[in-house]
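**Student:** Sequence:
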Amino acid sequence: ADLSAPQISHNPAHAATIGVNPIISAFVFDDQTSGQSFSNPSDGGNEYFSLMYATTTWYAVNTSTRVSYPNEFELYKFTLPTSTASTTFRYYLTASDNAGNKRFFCATPSAVSATDCQNNPFIVTGVALGSRTVAGTITSGGSSVSGAYVFADGYAKLAITTAGDGTYTVAGLPDNDAFDFVAHKFT
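To get the working numbering, take the position in the sequence shown, counting from 1, and add 3.
It is worth saying that the hints were derived from the structure and are not from the lab. Incorrect hints may appear among the rest.
Unchecked claim - Calculated cross-link-like contacts (lysine to any residue; reagent style SDA-like; alpha-carbon spacing at most 20 angstroms):
1. K188 - S147
2. K105 - V115
3. K80 - D156
4. K80 - S12
Input sequences plus hints: build the corresponding full structure.
**Tutor:** What follows is the structure in structure tokens.
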């Protein structure tokens with residue numbers, strides 16, 4: 004019997020551009036439920052991967068706005084309404100596998116319920132569109148890596164995909180903020 008809840012991997016966002024749809028990216032893994040099943044909530048199973056957000060009242064991201072990245076069934080992007088980033092919003096992630104085992108992912112590492120996460124969610128502050136651009140090249144073992152996803156860690160922005168030569172450019176980053184850049188590549 005499957006007794007293990009899905010695993011969620013996510014680097015929390017702390018900033019989002021005012022007037023732009025915040026995009027939160029996260030991974031979900033389960034040894035008994037495929038990533039593709041998480042992206043198909045209408046298949047009649049118990050599995051789902053959702054983002055809950057609030058400025059005042061808690062809402063779920065509509066399943067039509069939850070999209071897996073091309074060919075990456077474990078990596079999802081959640082697109083929130085533009086109005087969400089006007090000031091500050093809160094969010095957390097939740098997943099259920101086909102057996103109904105649930106995982107809650109928020110600022111409380113040991114969360115076991117939506118209430119735990121609503122009491123201690125991730126908090127994102129709306130910031131003005133910036134003029135900073137960062138560019139680089141992703142390599143592994145001296146060879147360029149094409150098709151890797153590059154994230155501005157802590158920023159609610161769509162991941163950038165590296166070009167054939169491993170290069171990437173992330174534009175419109177807020178001024179006066181620091182970011183780590185994280186790259187993921189699945190083979």
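**Student:** Hint by hint, note whether the structure agrees.
**Tutor:** Going through the hints against the structure:
Distance restraint check for K188 and S147: the Cα-Cα separation of roughly 12 angstroms lies within the 20 angstroms cut-off, and the hinted pair is therefore satisfied. Between K105 and V115 the alpha-carbon distance is near 8 angstroms, which keeps this suggested pair within the 20 angstroms criterion. For the suggested pair K80 and D156, the alpha carbons sit about 14 angstroms apart, so the restraint of at most 20 angstroms is met. Taking the CA atoms of K80 and S12, the gap is about 13 angstroms. The hint holds against a cut of 20 angstroms.
When the structure is compared with the earlier hints, no violation turns up for any of them.
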